[in-house]
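Colleague: Use the sequences and the hints to build the structure in full.
2 protein chains.
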Amino acid sequence: MATFELVAECQETHARAGLLHTARGTIETPVFMPVGTQATVKGLTQRDLAEDLDVRILLANTYHLYLRPGHELIGGMGGLHRFMSWPRAILTDSGGYQVFSLSDLRKITEEGVTFQSHLDGDRHLFTPESTVDVQMALGSDIMMALDECPEYPVSHEYAREAMERTVTWAQAGFAHYRRKVAESDEGQSLFPIVQGSMFPDLRRECAERLVGLEADGYAVGGLSVGEPRPLSLEMVEATGPALPRDRPRYTMGVGMPEELPEYVARGIDMMDCVLPSRNARNGYLFTSQGRIIIKNTRFKDDRRPVDENCSCYTCCTYSRAYLRHLYQAGEILYAVLATRHNLRRYLDIMREIRHAIVLGQFPKYLKAVRAVPVEVE
Amino acid sequence: MATFELVAECQETHARAGLLHTARGTIETPVFMPVGTQATVKGLTQRDLAEDLDVRILLANTYHLYLRPGHELIGGMGGLHRFMSWPRAILTDSGGYQVFSLSDLRKITEEGVTFQSHLDGDRHLFTPESTVDVQMALGSDIMMALDECPEYPVSHEYAREAMERTVTWAQAGFAHYRRKVAESDEGQSLFPIVQGSMFPDLRRECAERLVGLEADGYAVGGLSVGEPRPLSLEMVEATGPALPRDRPRYTMGVGMPEELPEYVARGIDMMDCVLPSRNARNGYLFTSQGRIIIKNTRFKDDRRPVDENCSCYTCCTYSRAYLRHLYQAGEILYAVLATRHNLRRYLDIMREIRHAIVLGQFPKYLKAVRAVPVEVE
Chain D
1 MATFELVAEC QETHARAGLL HTARGTIETP VFMPVGTQAT VKGLTQRDLA
51 EDLDVRILLA NTYHLYLRPG HELIGGMGGL HRFMSWPRAI LTDSGGYQVF
101 SLSDLRKITE EGVTFQSHLD GDRHLFTPES TVDVQMALGS DIMMALDECP
151 EYPVSHEYAR EAMERTVTWA QAGFAHYRRK VAESDEGQSL FPIVQGSMFP
201 DLRRECAERL VGLEADGYAV GGLSVGEPRP LSLEMVEATG PALPRDRPRY
251 TMGVGMPEEL PEYVARGIDM MDCVLPSRNA RNGYLFTSQG RIIIKNTRFK
301 DDRRPVDENC SCYTCCTYSR AYLRHLYQAG EILYAVLATR HNLRRYLDIM
351 REIRHAIVLG QFPKYLKAVR AVPVEVE
Chain V
1 MATFELVAEC QETHARAGLL HTARGTIETP VFMPVGTQAT VKGLTQRDLA
51 EDLDVRILLA NTYHLYLRPG HELIGGMGGL HRFMSWPRAI LTDSGGYQVF
101 SLSDLRKITE EGVTFQSHLD GDRHLFTPES TVDVQMALGS DIMMALDECP
151 EYPVSHEYAR EAMERTVTWA QAGFAHYRRK VAESDEGQSL FPIVQGSMFP
201 DLRRECAERL VGLEADGYAV GGLSVGEPRP LSLEMVEATG PALPRDRPRY
251 TMGVGMPEEL PEYVARGIDM MDCVLPSRNA RNGYLFTSQG RIIIKNTRFK
301 DDRRPVDENC SCYTCCTYSR AYLRHLYQAG EILYAVLATR HNLRRYLDIM
351 REIRHAIVLG QFPKYLKAVR AVPVEVE
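Chains as they are written, first to last, in the numbering used here: chain D, 1 to 377; chain V, 1 to 377.
It is worth saying that the hints were derived from the structure and are not from the lab.
Hints may be right or wrong, so weigh each one.
Below, in silico cross-link-like pairs of lysine to aspartate or glutamate (EDC-like), each with a Cα-Cα straight-line distance of 20 angstroms or less [as the list claims (entries may be wrong)]: (1) D/K367 x D/E237; (2) D/K364 x D/E259; (3) V/K107 x V/E129; (4) D/K295 x V/E72; (5) D/K295 x V/D120; (6) D/K107 x D/E151; (7) D/K180 x D/E72; (8) V/K295 x V/E375; (9) D/K300 x V/D120; (10) V/K364 x V/E259; (11) V/K300 x D/D120; (12) V/K300 x D/E72; (13) V/K107 x V/E157; (14) V/K295 x D/E259; (15) V/K295 x D/E375; (16) D/K300 x V/E72; (17) D/K180 x D/D216; (18) D/K300 x D/E375.
A partial selection of chain V residues facing chain D, derived with a Cβ cut-off under 10 angstroms [said to hold, decoys possible]: (19) K42; (20) R88; (21) T314.
In this text, all values refer to a predicted model and were calculated from it rather than measured experimentally.
We put the CB at the ideal spot given by N, CA and C, even for glycine.
Modeller: Structural data, given as C-alpha cells:
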C-alpha cells in the first residue's frame with residue numbers, strides 16, 4: 001500500500017512536502033510523474049530515467065496497454081515492472097480519460113463504458129471492476145478508479161450526472177478491489193477521482209462522497225480538457241478542503257512549468273503530464289529563464305547549453321546550435337535529448353518547490369517564479 | 001596524420017590486425033565505423049557510443065553537413081568534433097557518393113560535379129579542391145577524395161571514363177590538400193578512392209595509379225551499388241595486391257554481418273555501413289545465431305534478450321517481448337534500443353575477428369561463422 005507522510009506545510013499557502021512510501025521505494029512529494037503511455041517514456045531508457053533523472057515514479061496508461069500488448073500478456077510476463085524493466089513505482093490511470101478522448105462510439109451505461117479501439121475498431125467494455133482487474137494484472141503500485149471525464153464545457157445537469165456515475169463506479173471499483181486485495185498479498189493502492197466539471201459545488205460534493213472510501217490517496221480529474229487555467233485552479237481550490245489532510249492529492253494531466261507551483265500552492269502533491277515530452281518533441285524547451293523555441297535562427301550558432309542552470313545530460317553535453325541542427329534535420333536524437341532536458345526541468349522545479357516548502361520559503365519562491373516570463377527574452 | 005601499424009597477419013587469408021593511430025586516439029583494426037550521417041548516429045548519444053559501445057571512430061557525411069547546417073557554421077563553432085561533442089576520431093566521406101545517389105540534375109565536368117540539393121533544389125558545385133576545403137573546415141581526422149561512383153551496371157567504356165576522372169580528381173585533391181596541410185598544423189589525412197565499377201582490370205589500374213599519391217590509406221569505393229555480392233568481393237580481391245601493405249584499406253558502405261569477415265579475409269581493415277542502424281529501425285536484429293525479425297508473433301512473450309550472447313545495454317535490460325511491443329507501437333525507444341544492439345553486434349564481430357587474427361585462428365573462425373544461418377532457426 002502507498003502510505004503518505006507529511007513532512008512540512010507552508011504557513012501561507014496550502015503547499016505541503018511529504019513522503020509517499022510504496023513497496024517500490026519512497027517518493028518525495030510534491031512529485032511530477034513522467035508519462036510512459038505505452039510502457040515507455042518516449043525515447044528514454046530506464047537508465048536515463050533512473051540514473052540521470054532520478055525518477056521515482058512514472059505513469060503508464062491502462063487503456064493503451066490493455067489494447068496493446070494486452071494486460072494478460074504483461075501479467076503473464078510478471079507484470080509491468082518486469083515487462084518494461086522498471087523496478088521503481090508505477091501509477092496506472094484507469095483508462096477512462098482515453099476512452100473519452102481517443103476511442104469512437106462510446107456508450108456509457110451504469111455498468112460501464114463500451115468503446116471502439118482506436119487501433120482496430122474492435123469493441124471493448126470497461127467496467128469499474130474490469131479496470132481494477134486490468135491494473136491488478138499490470139501490477140502497478142497505484143491504480144486509478146474508472147471515472148467519467150466530461151468534455152468542456154458541459155451543463156451543470158450533465159456534469160452532475162457524470163459526477164454521480166463517477167462516484168457509483170468508484171464505490172463499485174473499491175468493493176471489487178477490497179475483495180481482490182483480501183485474496184492477495186499485493187500492495188497495490190487504488191485512488192478514486194474527483195469529477196464535477198467546472199462546478200465548485202459538484203467538485204466539493206464529489207470529494208465529500210469519495211472520502212468515505214478511505215482511499216490511500218485522491219485524484220482531481222477532468223482538468224486540462226480545454227478550460228481556462230484559472231478555472232482549473234479554482235476547481236482544485238474547491239476540492240481541497242473536502243479531502244483528508246493525511247492522504248496524497250493528485251491532479252491528473254497538468255500542467256505547464258509555471259503552473260506546477262500553483263497546483264502545489266493549492267495543496268497538490270502529485271502531478272503528471274505529457275507536456276514536457278510532447279513540447280520537447282515539438283521544439284519547445286523549458287529553461288529556468290522561460291521557454292525557448294529551438295528552431296529559431298538565433299540559435300543556429302549558439303554554443304550555450306539549452307539552460308546554463310541545468311545539469312541534465314543534454315545541457316552538460318550539447319549546445320543549442322547542435323540541438324537546433326538535429327531538430328531541423330528531423331533526427332531521432334533530437335527527441336531523445338530534448339525530452340531528457342524537459343523532464344529534468346520539471347523534476348528540478350518539483351525539487352525546488354519541495355526545498356522551498358521544507359525551508360519555509362515557499363511563498364517567496366512562488367513570488368519569484370511568478371515573475372519569470374513564459375518565453376526567454 | 002593517421003598512421004597504421006600492422007600487428008598480425010593471417011597465414012592463410014589476407015586478414016590483418018592493426019592499429020590506426022590518429023590525433024584523437026588509437027583504433028584497433030579491423031574496425032567497423034558507425035555512420036553518423038548528419039552529425040549523429042541515429043538515436044544514440046555520445047555517451048552511448050563512447051561508454052557503452054566503445055566506438056573509437058565514426059563516419060560523418062560531407063554532402064549532408066555541407067548542405068545543413070553548412071561547413072562554415074560547423075567550422076566557426078570549432079569543427080565537427082566540438083559541434084557534435086564527439087572527442088574521438090571522425091572520418092568524413094567526400095560527398096561524391098551522395099551527389100550521385102541523392103541529388104538531382106548532376107552534371108559532371110573535368111572541373112567537378114554540379115548538383116541540386118535534395119533539400120531545397122539549390123545548385124552547388126563540388127570540385128576535388130572544394131571537398132577538401134569543406135572537410136578541412138569540418139576538421140575530420142580522415143578525409144576522402146572526391147570520386148565518381150558509377151551506378152551498376154555500366155559499360156567498360158563508361159567505367160574507364162569514371163575511373164580516369166576519379167584518378168584525375170584525386171591528384172587534384174591531393175595537390176590542393178598538400179598545399180593546405182603545409183599551411184596548417186592540422187593532422188588530417190586524405191584517402192583516395194579506388195573505382196572501376198565491376199571490372200578487375202580497371203580496379204587494378206586505378207589502384208596502381210593512386211598508390212603514387214602516397215596516401216595514409218586507401219579506400220575501395222563503388223561497392224554496394226546493386227551488384228551481386230560475389231562481385232563486390234572479387235573487386236576487393238582485384239584491388240588488394242596493388243595497394244601498399246603498410247596502409248589501411250577501407251571498403252565504403254559494406255556490409256551485412258556475414259560479409260564483414262569476408263572483406264577482412266581479403267585484406268580490408270576499415271568498413272562503414274548504414275545497414276546495422278537502418279535494419280534496426282526496420283525491425284531486423286542481428287544476433288550471434290543469425291537475424292531475427294522482431295515483429296514476428298513468436299516473440300510476443302519471449303522473455304529472452306535479443307541475443308543471449310550479447311552484453312549490450314539493450315540485451316542486458318530488455319526482453320524480445322518488450323522490444324516487439326515498442327516496435328509494434330511505433331515507439332522511438334525501439335529505434336534507440338535496436339540501433340544500440342545492432343551496432344554492438346557489428347563491433348563485437350570486428351572484435352571477434354581481430355581476436356581470431358591475433359591468435360592465428362582466423363581461418364577456423366571464418367569457417368565457423370560461414371556455417372551460421374542468416375536467419376535464426
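Colleague: Take the hints in turn and mark each one as holding or not.
Modeller: Now for the hints, and whether the structure bears them out:
{"no.": "1", "hint": "D/K367 x D/E237", "verdict": "19 angstroms, holds"}
{"no.": "2", "hint": "D/K364 x D/E259", "verdict": "16 angstroms, holds"}
{"no.": "3", "hint": "V/K107 x V/E129", "verdict": "17 angstroms, holds"}
{"no.": "4", "hint": "D/K295 x V/E72", "verdict": "19 angstroms, holds"}
{"no.": "5", "hint": "D/K295 x V/D120", "verdict": "17 angstroms, holds"}
{"no.": "6", "hint": "D/K107 x D/E151", "verdict": "15 angstroms, holds"}
{"no.": "7", "hint": "D/K180 x D/E72", "verdict": "17 angstroms, holds"}
{"no.": "8", "hint": "V/K295 x V/E375", "verdict": "14 angstroms, holds"}
{"no.": "9", "hint": "D/K300 x V/D120", "verdict": "18 angstroms, holds"}
{"no.": "10", "hint": "V/K364 x V/E259", "verdict": "16 angstroms, holds"}
{"no.": "11", "hint": "V/K300 x D/D120", "verdict": "18 angstroms, holds"}
{"no.": "12", "hint": "V/K300 x D/E72", "verdict": "12 angstroms, holds"}
{"no.": "13", "hint": "V/K107 x V/E157", "verdict": "18 angstroms, holds"}
{"no.": "14", "hint": "V/K295 x D/E259", "verdict": "41 angstroms, violated"}
{"no.": "15", "hint": "V/K295 x D/E375", "verdict": "43 angstroms, violated"}
{"no.": "16", "hint": "D/K300 x V/E72", "verdict": "12 angstroms, holds"}
{"no.": "17", "hint": "D/K180 x D/D216", "verdict": "16 angstroms, holds"}
{"no.": "18", "hint": "D/K300 x D/E375", "verdict": "18 angstroms, holds"}
{"no.": "19", "hint": "K42", "verdict": "5 angstroms, holds"}
{"no.": "20", "hint": "R88", "verdict": "14 angstroms, violated"}
{"no.": "21", "hint": "T314", "verdict": "9 angstroms, holds"}
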